[in-house]
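Novice: Spelled out, the chains give:
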Amino acid sequence: MRGPVRPERSGAPAPPTTRRIHLAVIVVVALVLTAIAWRAHGATFTVNSAADTTDGTCGPLAGGCTLREAIEAVVATPGHDTIRFDPAVFPPPGLTVITLTSPLPIIADAAGTAIDGGGARFSIAGALAQGLVFASAPGAPLANVMVTNFSAFSFTGTAIHICGGAPPDCAEDVSGAVVRNVTVGFNDGDGIRIAGRVVKKAQVVDSVVFRAGGCGIRFFADESLVGPRVQGASAIDSGDCGGILMKATGAIVGATVVDSLAVRGDGVGIAISGQDVIKPKISHVVASGNAGTGLLVHADRDGAGAKLSDLLVVGNGSTGLELASDTGTTAGVKLERVAADGNALQGIELSGRTVGAKITRTAVVGNTSHGIDATSGMTSVGIDAAKISDVVAAGNDDGFILRAGASVLQKIHAGANTGTGITLFEGDGGNTVEKNSTCANGRNGITLIDSLGNVVRDNVALGNGSADLRDDTFGCDANIWTANLFGFGSDPCVH
Amino acid sequence: MRSLAVFRYVLGTLVALTLTRYVGDVQAATFTVNSLADTDDGTCGPAPGGCTLHEAMAAAVATPGRDTIAFDATVFPPGSPGLISLFQVTPVIVDPAGTALDGSGAGVIIEPANQIGPSPDPIVFASAPGAPLANVTVANVTVRNFVGSGIVICGGEFPICDQDVSGTVVQNVLARGNGAAGIKVAGRNVSKTRIVGSVASHNDSVGIGIEASQSAKATRIEDCTVGDNGMAASGEPGIRLHAIAGVADTIVTGTIAANSGTQGIEVSSDAGIVKTKMSNVTALGNGHSGIAIFANGDLSSTMIAGATASDNAAQGIDISGDQLVAGTTLKEVVANRNGARGIELNASLHLLGTKITNAKAARNGTDGISAFSLVDASGTQITRSIVTTNGGFGVMLTGNGNTVKSVRADANGSGIYLGAPGGSSKIEKCTAHANNGSAPGTDGTGIKVALGSTGNVVQKNAAFVNDGANLADDNPNCDGNVWKKNIFDGAATACVQ
Chain R
1 MRGPVRPERS GAPAPPTTRR IHLAVIVVVA LVLTAIAWRA HGATFTVNSA
51 ADTTDGTCGP LAGGCTLREA IEAVVATPGH DTIRFDPAVF PPPGLTVITL
101 TSPLPIIADA AGTAIDGGGA RFSIAGALAQ GLVFASAPGA PLANVMVTNF
151 SAFSFTGTAI HICGGAPPDC AEDVSGAVVR NVTVGFNDGD GIRIAGRVVK
201 KAQVVDSVVF RAGGCGIRFF ADESLVGPRV QGASAIDSGD CGGILMKATG
251 AIVGATVVDS LAVRGDGVGI AISGQDVIKP KISHVVASGN AGTGLLVHAD
301 RDGAGAKLSD LLVVGNGSTG LELASDTGTT AGVKLERVAA DGNALQGIEL
351 SGRTVGAKIT RTAVVGNTSH GIDATSGMTS VGIDAAKISD VVAAGNDDGF
401 ILRAGASVLQ KIHAGANTGT GITLFEGDGG NTVEKNSTCA NGRNGITLID
451 SLGNVVRDNV ALGNGSADLR DDTFGCDANI WTANLFGFGS DPCVH
Chain G
1001 MRSLAVFRYV LGTLVALTLT RYVGDVQAAT FTVNSLADTD DGTCGPAPGG
1051 CTLHEAMAAA VATPGRDTIA FDATVFPPGS PGLISLFQVT PVIVDPAGTA
1101 LDGSGAGVII EPANQIGPSP DPIVFASAPG APLANVTVAN VTVRNFVGSG
1151 IVICGGEFPI CDQDVSGTVV QNVLARGNGA AGIKVAGRNV SKTRIVGSVA
1201 SHNDSVGIGI EASQSAKATR IEDCTVGDNG MAASGEPGIR LHAIAGVADT
1251 IVTGTIAANS GTQGIEVSSD AGIVKTKMSN VTALGNGHSG IAIFANGDLS
1301 STMIAGATAS DNAAQGIDIS GDQLVAGTTL KEVVANRNGA RGIELNASLH
1351 LLGTKITNAK AARNGTDGIS AFSLVDASGT QITRSIVTTN GGFGVMLTGN
1401 GNTVKSVRAD ANGSGIYLGA PGGSSKIEKC TAHANNGSAP GTDGTGIKVA
1451 LGSTGNVVQK NAAFVNDGAN LADDNPNCDG NVWKKNIFDG AATACVQ
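Chains R and G are the protein sequences, given in the same order.
Number 75 in this note's numbering belongs to position 75 of the first sequence; there are no gaps in the numbering.
Number 1239 in this note's numbering belongs to position 239 of the second sequence; there are no gaps in the numbering.
The hints are simulated quantities; they were obtained by calculation from the structure and are not laboratory data.
One thing to keep in mind: the hints can contain errors.
Beyond 12 angstroms from chain R on every Cβ pair, some chain G residues (computed) [what the hints assert, rightly or not]:
hint, residue
1, Ala1059
2, Ser1085
3, Ala1113
4, Gly1130
5, Glu1211
6, Gln1214
7, Ser1348
8, Ser1424
9, Leu1451
10, Gly1480
Residues from chain R that face chain G, not an exhaustive set, calculated with beta carbons under 7 angstroms [what the hints assert, rightly or not]:
hint, residue
11, Leu95
12, Thr183
13, Val208
14, Asp341
15, Ala363
16, Val392
17, Ala394
18, Ser437
19, Val460
20, Gly463
21, Leu485
22, Gly487
Since the structure is predicted, the reported quantities are computational estimates derived from the model, not experimental observations.
Each residue gets a CB set at the ideal place from its N, CA and C atoms; glycine is no exception.
Build out the structure end to end from the sequences listed, making use of the hints.
Specialist: Structure representation (structure tokens):
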């Protein structure tokens, strides 16, 4: 019995019928690919009118396509469509304003829409409840929204809102949203808001948010927030919601804020807050003159792997920089080159159980309360296995007050504080305090209060208002004081 | 042959005697203070109570060579220091070879017996008229509450101090609450002064003062804390290094200067200043500038790294010269909440080659960073810095060939300003948003080129929501300036792109 006939791999050509079948298959595949490509790229609609009218079509003739018409067209056209703006109608460098007389349609397209004002100069404005709203639909995630080179002013609600699902619930996922080179100002709600159930890889880049009544820039996930990024952003004069806010009911993973600033807001400057906050990275950031905390990284449960560097938190109405975990642990924090200056409460506060923090090359000066505080208020948790080195604390109440265990404090210069230079308070003890300078503080240089098993050595403590070195436990119980240079000790066991 | 032997004996004896004398001079003597009293019976003996500070000082003066005054730890236990209350005038420790007063291993406090005390300046080292003073060491003692200066090292005759001083070391000393300076080194040429691990606080005059009627060279101030000094009526700095004929090779590191009457740290000269390095320095809450380096002559090769200068009444960092200011480098400096400018570089004639990187200046009363000259300023580079919420300009420069790159100048009075005279400068990849013109002299412009500043390139910047123009060029038709690839909403003139 013979097997099925197969065309030869070489040699004689296939029969005509077979060739026709092959051709048909190729054509079908090509058509499918074309359709897929068309759907992927979508259509482009170019706004060529500054009016706010609609005749139901977005045409290419001059004045034939308003923004409203372009949005209507995008919504009616499946796929990842793009709205552009005719530079001839919106010529740079002047600013052409599209004054809206009624709310724009929601840009409801699960494939996402790109609005790109590149090459043109314009803004939208209107005393309306919303500016641009991107959404998908109930049950459908939203992907790949892009807003670039765009301005929006004077809305009573949020200027740019990217919403997974349907507003106001935004209960579906959002991924790949990009807001770049966008300016929003004088809006009563948020400046830029990206919200959904799971929000992945959303970015706000090189954008300015000015005088937002709500948050300047808000990322919100009802579940988790993955890889949110703010880069090159300015949030200025934001409302009490905060300048830059990344918030999730669940976890926040890989949040990044770089080269950005949040200043003069009525609330927190920058906040990253979720149930668990994993590996946030914040660098080259300024939080200045905010009414609340300058920079807050807050986990309801656990935090891990935060890297914060080259920060300036100055003149904020509360704490300069706070890392907090309410019920779990913050682990592996690295703070480097942080300047916390002139804040109304602590310069830096580590609140909740903190393990393995490294703080180096940092200055905490002129804060009304303590320079660095890791006592978690009146709770029993504190900071363990920390390494704090090359830090200057001056002009604060206490320079350092730590509920610490198994930590190392070295090469700290805590001087000219009104309180004590370094205080270890309760905690697990077993710390090493060495090679520090704690001079000219109003109270003590170094104080141990109910902290046991510590080694305090090779420090210089001179000219403090009370004892230079102080151990409040009887007979320095289990603490070793050795090779310190000081004037007055609280007890002969202090050496 | 016998005569030769006698000669060799005599020679050997002479050599031995000479060597003995030489060794005696080099090793000098150590006098250990073992009494808290302030009496003087003319001897400093080893028996308990046999040597007071007064007697040890007199013995050191009477003994040639670099003697040491030490302290008996049983009388002056560390941690519970022995207190010497002076009610006699102490002798000036006159010895050109220098003397060491060292409380190592002990705890020593020297203070007046009453509120006034007999010795305005209790610890004075000097040489003699016409003789330089070398190798004075003061270590591990506290000198407090005297009417005059706590510790004085004086080249020549005290208080004229007109001879050279070299090799002074002040280590782990506390000078507190004195009516004049805390620690003072004065002479004609003052070289190789090292003040380390010391504290000067609550002195009415300067906390640490180094004064040279000619030059000061190779001064090092390390790991010191200087607070609440200079509150006398005229106001004095926390640390002052001043030389009439020039200052060279200065290092200040790991030091805090807070709450002084005038500058926190001042390095100044009626002539030139060269090679000043400051690192990990904090100047906070002082009555004038935090860090001030100024020369009536040329000022060159200044490096400040890792410094914080905040909440000072005038500038945070002020570097200025009446002639040339050249080769200044500021790296990772922070200057916030100062009453005037955060960082100022100012040359009456020439300002050349300034580099500022990774600086942060916020909430200063006027400009964040300002670099200017009345004649010629060139080559100023400001990169990767943030200047925000300052009352005046975020960055203000005059001159030629300047570069402002990757600077965030948001929410100031004005953002970035290229003033005149000047030109051929570059501003790129900066932001200048939401500047509001709130302070006099500012107009809320994002980036502005002044009339007369030409040949500049302003590119790839972003400027939005400024109260004034986002981008502005005061020259007719942007005369010779290139504006390109900037992102902004609205400009003062069409030539701005």
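Novice: Hint by hint, note whether the structure agrees.
Specialist: Okay, the hints, checked on the actual structure:
Annotated as non-interface, Ala1059 of chain G keeps its C-beta farther than 12 angstroms from every C-beta of chain R; the closest such distance is 26 angstroms. The beta carbon of Ser1085 of chain G is kept farther than 12 angstroms from every beta carbon of chain R, the shortest such distance being approximately 16 angstroms. Annotated as non-interface, Ala1113 of chain G keeps its C-beta farther than 12 angstroms from every C-beta of chain R; the closest such distance is 19 angstroms. Against the 12 angstroms criterion, Gly1130 of chain G stays outside the reach of chain R, whose nearest CB is about 37 angstroms from its own CB.
For Glu1211 of chain G, the shortest C-beta to C-beta distance to chain R comes to about 23 angstroms, beyond the 12 angstroms cut-off, and the non-interface label holds. Distance check for Gln1214 of chain G against chain R: the nearest CB is about 32 angstroms away, which clears 12 angstroms, and the non-interface claim stands. Every C-beta of chain R lies more than 12 angstroms from that of Ser1348 of chain G, the closest at about 32 angstroms, which supports listing it as non-interface. Look at Ser1424 of chain G: its CB is around 23 angstroms from the nearest CB on chain R, clear of 12 angstroms, so calling it non-interface holds up.
Against chain R, the non-interface label of Leu1451 of chain G holds: every CB pair exceeds 12 angstroms, the least being about 20 angstroms. For Gly1480 of chain G, the requirement that its beta carbon stay farther than 12 angstroms from each beta carbon of chain R is met, with the minimum near 19 angstroms. Checking Leu95 of chain R against chain G: minimum C-beta separation of about 4 angstroms stays under 7 angstroms; hint holds. The beta carbon of Thr183 of chain R comes within 4 angstroms of a beta carbon in chain G, closer than 7 angstroms, and the hint placing it at the interface holds.
With 7 angstroms as the threshold, the beta carbon of Val208 of chain R comes within range of chain G, its nearest partner Cβ sitting at about 5 angstroms, so the hint holds. With its C-beta approaching chain G no nearer than about 5 angstroms, Asp341 of chain R sits inside the 7 angstroms limit, and its interface hint holds. At its closest, the beta carbon of Ala363 of chain R sits 5 angstroms from a beta carbon of chain G; the interface hint therefore holds under the 7 angstroms criterion. Taking 7 angstroms as the C-beta contact cut-off toward chain G, the hint placing Val392 of chain R at the interface holds, the least distance being around 5 angstroms.
Taking 7 angstroms as the C-beta cut-off, the interface hint given for Ala394 of chain R holds, the closest approach to chain G being about 5 angstroms. Hint status for Ser437 of chain R relative to chain G: holds, with the closest Cβ pair at about 6 angstroms, below 7 angstroms. At about 5 angstroms, the closest approach between the beta carbon of Val460 of chain R and any beta carbon in chain G falls short of 7 angstroms, and the interface hint on this residue holds. At a threshold of 7 angstroms, the smallest CB-CB gap from Gly463 of chain R to chain G is about 4 angstroms, leaving the interface hint in force.
Below 7 angstroms, beta-carbon pairs count as interface contacts, and Leu485 of chain R has one with chain G at about 5 angstroms; its hint therefore holds. For Gly487 of chain R, the suggested interface contact is upheld, since its CB lies about 6 angstroms from the closest CB of chain G, less than 7 angstroms.
Figure legend: structure checked against the earlier numbered hints; every hint is met.
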